[in-house]
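Q: Sequence:
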Amino acid sequence: MATTRTATQQPMAIGEVQSSSGHVVAVGADGIERRLFAGDLVYAGDLVRTVGNSTVVISLNDGTRFDLGREAEAQLDESVYSTDVAAVRAAALAEIEEIQRAIAAGADPTAVTDPTAAGTASGPGVDEAIQEGVTVDRTGRVGLVEAGYETNGIERAIEPREYLAGDIVESVDAAVATAVNDVPVAIDDNFAVNEDVVLNGTVATNDTLSPDGGNVFALATNATNGVVVMNADGSFTYTPVADYNGPDSFTYTLT
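Anchor point for the sequence shown: position 56 equals 123 in my numbering, and the numbering is continuous, going up by one each time.
By construction, these hints were calculated from the structure, which means they are not laboratory data. Computed from a predicted structure; not experimentally measured. Check before you lean on any hint, since a few could be wrong.
Each pair of labels, with its calculated beta carbon distance range [as the list claims (entries may be wrong)]:
1. S302 to V250: 17 to 23 Å
2. M79 to N261: 29 to 35 Å
3. Q167 to P278: 48 to 54 Å
4. D255 to A178: 51 to 57 Å
Every residue gets a Cβ at the ideal spot worked out from N, C-alpha and C, and that includes glycine.
Take the sequences, apply the hints, and build the full model.
A: As structure tokens, this is what we get:
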């Protein structure tokens with residue numbers, strides 16, 4: 068009697084959750100919703116959504132990092148990651164076959180695989196983006212980018228205390244200490260972009276960074292009328308929703 072089997076193609080994993088806080092979910096191409104935690108894999112076509120004040124940071128296989136702020140959602144498609152899907156799938160299948168051959172021969176399968184390394188993305192989509200670039204025309208529509216936290220000095224008062232030593236009573240006068248802004252300091256930014264045009268920019272230009280380096284930019288609140296992907300060096304991509312024109316804003320943190 069013949070047996071019929073149906074093979075179902077699994078979606079390709081394109082990254083891993085580096086960190087998450089709160090309630091973060093992903094809806095797969097099959098429509099099934101799942102919770103995301105640190106260490107979980109994400110797949111091509113997933114719709115990632117943060118609920119309430121939740122945030123998530125995803126390390127993509129193409130070497131980039133994807134940040135999603137609170138009350139936001141984004142589709143993990145080719146606008147987010149620049150991986151040649153066919154090439155990655157072929158490489159993964161080749162590696163699986165090599166591991167299977169090693170197991171069949173009694174060899175250690177971990178000895179036949181090379182450590183992964185982030186390289187330069189290639190492919191038609193990437194080449195086209197590099198060659199054409201993005202042109203931003205100033206049309207008068209301005210979006211305010213907020214630093215995400217108060218940058219003014221904070222006054223702190225030290226309460227007076229009395230110290231008792233035998234019959235001697237000494238009092239310490241109250242002193243007021245004013246906090247001094249220290250680097251890094253984030254400054255608000257303004258950008259303008261035409262309708263239905265993706266904006267590539269950086270918020271680091273006018274910020275004051277630490278002399279010893281090591282500063283990290285991260286998305287705090289995503290845009291209301293678009294999706295922002297921010298990298299640790301302050302560079303970002305803003306993709307507006309279709310046919311939208313008007314002001315928009317997002318916030319970021321600098322540490």
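Q: Of all the hints numbered above, which does this structure not satisfy? Sort the numbers upward.
A: none
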